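Novice: Residue numbers (my numbering), protein chains in the order written: chain A, 9 to 406; chain B, 9 to 406; chain C, 9 to 406.
No wet-lab data here; the hints were simulated from the structure. Model, not experiment: these values are computed from the prediction. One should not assume that every hint holds.
A pair counts as met if it fits within one copy or between any two copies, since identical chains are not told apart.
To be verified - Simulated crosslink set (DSS-like; lysine-lysine; CA at most 30 Å straight-line):
1) K261 to K211
2) K254 to K332
3) K393 to K316
4) K332 to K302
5) K316 to K332
6) K302 to K137
7) K306 to K104
8) K104 to K367
9) K302 to K104
10) K302 to K316
11) K104 to K211
12) K18 to K316
13) K326 to K104
14) K64 to K393
15) K161 to K367
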Amino acid sequence: MENLQKYIDKLNSLNFKDMYEGDFFLTWEKTDDELSAVFAVADALRNLRERNISTKIFDSGLGISLFRDNSTRTRFSFASACNLLGLEVQDLDEGKSQIAHGETVRETANMISFMADVIGIRDDMYIGKGNAYMHQVVDAVTQGYRDGILEQKPTLVNLQCDIDHPTQCMADMLHIIHHFGGVEHLKGKKIAMTWAYSPSYGKPLSVPQGVIGLMTRFGMDVVLAHPEGYEVMPEVEAVAAANAAKTGGSFAKTNSMAEAFRDADIVYPKSWAPFAAMEERTVLYGNGDTEGIKALEKRLLAQNAQHKDWCCTEELMKTTKDGKALYLHCLPADINGVSCADGEVEASVFDRYRDPLYKEASFKPYIIAAMIFLAKVKDPAAALKALEDRGAPRRLFL
Amino acid sequence: MENLQKYIDKLNSLNFKDMYEGDFFLTWEKTDDELSAVFAVADALRNLRERNISTKIFDSGLGISLFRDNSTRTRFSFASACNLLGLEVQDLDEGKSQIAHGETVRETANMISFMADVIGIRDDMYIGKGNAYMHQVVDAVTQGYRDGILEQKPTLVNLQCDIDHPTQCMADMLHIIHHFGGVEHLKGKKIAMTWAYSPSYGKPLSVPQGVIGLMTRFGMDVVLAHPEGYEVMPEVEAVAAANAAKTGGSFAKTNSMAEAFRDADIVYPKSWAPFAAMEERTVLYGNGDTEGIKALEKRLLAQNAQHKDWCCTEELMKTTKDGKALYLHCLPADINGVSCADGEVEASVFDRYRDPLYKEASFKPYIIAAMIFLAKVKDPAAALKALEDRGAPRRLFL
Amino acid sequence: MENLQKYIDKLNSLNFKDMYEGDFFLTWEKTDDELSAVFAVADALRNLRERNISTKIFDSGLGISLFRDNSTRTRFSFASACNLLGLEVQDLDEGKSQIAHGETVRETANMISFMADVIGIRDDMYIGKGNAYMHQVVDAVTQGYRDGILEQKPTLVNLQCDIDHPTQCMADMLHIIHHFGGVEHLKGKKIAMTWAYSPSYGKPLSVPQGVIGLMTRFGMDVVLAHPEGYEVMPEVEAVAAANAAKTGGSFAKTNSMAEAFRDADIVYPKSWAPFAAMEERTVLYGNGDTEGIKALEKRLLAQNAQHKDWCCTEELMKTTKDGKALYLHCLPADINGVSCADGEVEASVFDRYRDPLYKEASFKPYIIAAMIFLAKVKDPAAALKALEDRGAPRRLFL
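With the rest of the complex left out, here is chain A:
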């Protein structure tokens, strides 16, 4: 197996010095060089692990996770990334903890961080809340570090918020890069980020938003397709448009799934909830308006049921580039006749792409580990070389 040199050369060509001791909130807050550095480090860490070389950079230390929504994939990806680097995961299970009514975020954040090197948070349920909460946590621990309360400033990794799902979309992107043989082959490729029907109506917007906010940076033609009324956050659409203008790609919107799929190189059909409805829900929850929430839910389900035809069918797949666009999904998908009667994708399509889908998912632990590595290691290129030279086996007596 090849050595690390190409990743090290790549890193040496990039400027990412501001990532040291930093955090990862949204991909569009990072420069192109910084995103490239994440990809290069993720590939390098995977290369080392495949060669049975330990990448532990911590002798001890905690990675704190806080999941405000159920999670399997991201939970295990975060645990894997922490373990790969030598951190032990400690989960802040809010059900078992003694967070008092009215306790400030500042207090909780400091209380859990005395020996925390990383904090990973998933908080994606309410518009305007998740990302804001993450910033409060980072502000709190930054202040705690400056005031001498904490001996280190833990690094925040956004494991999904109301705006972006950066570890997912970066993993998706690294999968695309590998699939097409390098980032230099992406110019002019068409990617369709499209809404698809699911009987569960309230899925987060962070994936479609994250995808249009990230994929528009590689010179691709990004099309966002959804039924009328399923708009995403306008701020993120603006980000996508600005990205496209800068990179020579394009960002277009349509209300036709067929149009989006036509000649697409990549398709990403997935259910999400209308942004405006999610904002409404946030207000109703804030007011404790149970009746209002029920009424909203009923209205959304009715609206949803009108769009069962938004499904990734074999027929639609045939209209993509050479009939074989790369099919993406963050998983779990709603599969026709498997998890539901009508869903996001026909079973035969899903089955054909099972392997690539699992490979797509397999990048997430490395993306998370790379985000941590870049925040914690002063000279990542030198550190990777040193890890290779040290050559400590991950597993003995193979």
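Model the placement of chains B and C on the given structure of chain A, informed by the hints.
Specialist: Just chains B and C now, kept in the frame of chain A:
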């Protein structure tokens, strides 16, 4: 304390090469040499730990646990075994995870396994389900490894299924071997695996099945005793009979606890549910037939109540070999006047055997660690010697 | 940053040899030298970590936690302490475990301890129960170790019982020592441990009891203030009085918060439940008397509501020494207008002391780690020096 040489010599006399990168489902799927290798490695790992020598063979890596039933002993044994070898435990708590309705086992198995070296599963509730589920998991990760999704194939350790409880029964067996001073002293010893009354009627069959499937391989006279109607799986009885025929021991059945206890060297009195009833329950659950389940439960409790005389009393113990058979139990036991009015064993009997019972349990972490070690280490004899020579202290500054 | 020499010199002047392989139940069961050793080791471990020097003394091993009450601070402190020393935390979640009705403490304690080096327990809900339970656990594992069931005797750390909260109070005390520039400056300082109103009426007594039992050992003037009827355990008051007599300090009681605050150097205003009522509740729970518990709760809430004037106000703070006593709290505090309408402290007071409060909390992981270190390391002074000399970085590539 003695060194490792005798275990290494033992291993060098055995053929267990097929265990490398393998899994552990049922004891009767393993050769005699393979079982002997598990015992030898378990003893060797214990010897090293007692001499404060580290047995870490992993620098990083995860041991995934999935418990579909409550567990203390096995949960802590698995955690101890993983820790002993250098793996961090990550529990797949299905309550907190986002396993979609209809999500395939293949998908879940791959999603949790990106950095998993071991997967331990307890799934003992429904006849025909637990062992089958474990095979689905292993098939999925084997395919995932072949397809390049996973960088390693995690090893499955069956922590109890509907058919066998191999980590328990192997620990029981190692306890017996130590108690009688070596496997060579077991020929002709009589062991009574007998049903006993418990107010809780639905206990798994995996222990009695595991015991008759394993203990018949050492030339012992194995007697299975239970009231009429409390039959175990016929396939496992067939395994026991075939084992006995091959090893010159015997396998007999009786409906009399007294007959089983008479002159027994070892007794293992324990409640279990009738196999046929458990099969019926599995069907009822599958159909969501709540009324049917209630009716079955009522019938079983009534049937159960007729057999309160199946208790391990002082009187019965007196009829065993020299009045002092080795009393075994997987714990927790239902003790008369302690955990219930009428149970599996009289308090004075249980109390007298408390120390041996706890010693019996103490083998389980080492049995699990040995199963992992044999699956992950290419040359276990050489590796044990290398660990001894390295002599890294488990605990510093003693 | 300074080196370890002063802590090593300190340790060399103390006699704490009985702590080796011991446990930590109550501060007043320890000699002055032993408490000083805990402070010295806590400071030394912090010094090493601040200098990025690893303090791992375990290559593998488990730290078992058992929380019978919700916890964030103590849970993360225990996890941090274990991680700092190289132990992996395994939580005994009684909800997920298979602890049988009537299962003895002896059995559970042994079953979880096969590879446990430390057991941390919080059990503070019922008078006469928590500390007794911890002793049962220690007796069980001591016997298990002697009988050859366990290869090591795990060390118990009392993470809060019905009598004392030693890890909290020792952290509070170390904070005081640092704040006043050394233990030698504490003679004659006045500390007011006073009751304060909280809408939640049933808070444990372990903090006020722990504070008067510990702070009276440093020559300070300790005042315990509470409304009539809110007495703490008389045995602990006796301990406090005896301590004061021995060290030349004083221990006084009053029913006036104003009197306690007057000229105080340190104030610790905090709600707790009346001791007699907690004893009554323990009996009612034991009898399963739900009606009785409801009636008691109603009576206590009514009694409580009469004392809303027991609040740490700006006005009261002005009456302390130079108007700027050190304000302590174990957190979370009930803050007026933040977590409740009327609470233990005015928001402006709490806000002013936020930094010192968080620093106070930051000592707890090190106090716990020091307790473990002193129980597990034969020659702590030499071990600390060896760790410094080894100089293994906690975090690489900084």
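Novice: First find the shortest C-alpha distance between K326 and K104 inside one copy, then the shortest across copies, and answer within, between, both or neither for a cut-off of 30 Å.
Specialist: So K326 and K104 fail the 30 Å test inside a copy (50 Å) and across (38 Å) alike.
Novice: When Cα atoms must be at most 30 Å apart, do K104 and K211 count as within-copy, between-copy, both, or neither?
Specialist: both (26 Å within a copy, 17 Å between copies)
Novice: What label fits K104 with K367 when the C-alpha limit is 30 Å: within, between, both, or neither?
Specialist: between (35 Å within a copy, 24 Å between copies)
Novice: Could you place K302 and K137 in one of the four classes (within, between, both, neither) given a Cα distance threshold of 30 Å?
Specialist: within (21 Å within a copy, 38 Å between copies)
Novice: For the identical chains here, do K393 and K316 meet the 30 Å Cα criterion within one copy, between copies, both, or neither?
Specialist: neither (52 Å within a copy, 64 Å between copies)
Novice: Are the CA atoms of K254 and K332 at most 30 Å apart within a copy, between copies, both, or neither?
Specialist: This pair counts as within: shortest intra-copy Cα distance 29 Å, inter-copy 58 Å.
Novice: Can you give me the call for K332 and K302, within, between, both or neither, at a CA distance of at most 30 Å?
Specialist: Cα proximity of K332 and K302: none, with 41 Å in one copy and 53 Å across.
Novice: Taking 30 Å as the upper bound on the Cα-Cα distance, should K261 and K211 be classified as within, between, both, or neither?
Specialist: within (20 Å within a copy, 58 Å between copies)
Novice: When no copy is named, should K316 and K332 be tagged within, between, both, or neither for a Cα gap of at most 30 Å?
Specialist: Within one copy only: 23 Å inside a chain, 67 Å across chains, cut-off 30 Å.
Novice: Could you figure out if K306 and K104 sit no more than 30 Å apart (CA to CA) within one copy, between two copies, both or neither?
Specialist: The answer is between: 26 Å across copies meets 30 Å, while 33 Å in one copy does not.
Novice: Measure nothing new, just compare the shortest in-copy and cross-copy C-alpha distances for K18 and K316 to 30 Å and report within, between, both or neither.
Specialist: neither (46 Å within a copy, 65 Å between copies)
Novice: Tell me, please, which holds for K302 and K316 at an alpha-carbon limit of 30 Å: within, between, both or neither?
Specialist: within (22 Å within a copy, 40 Å between copies)
The earlier numbered hints that this structure contradicts are 3, 4, 12, 13.
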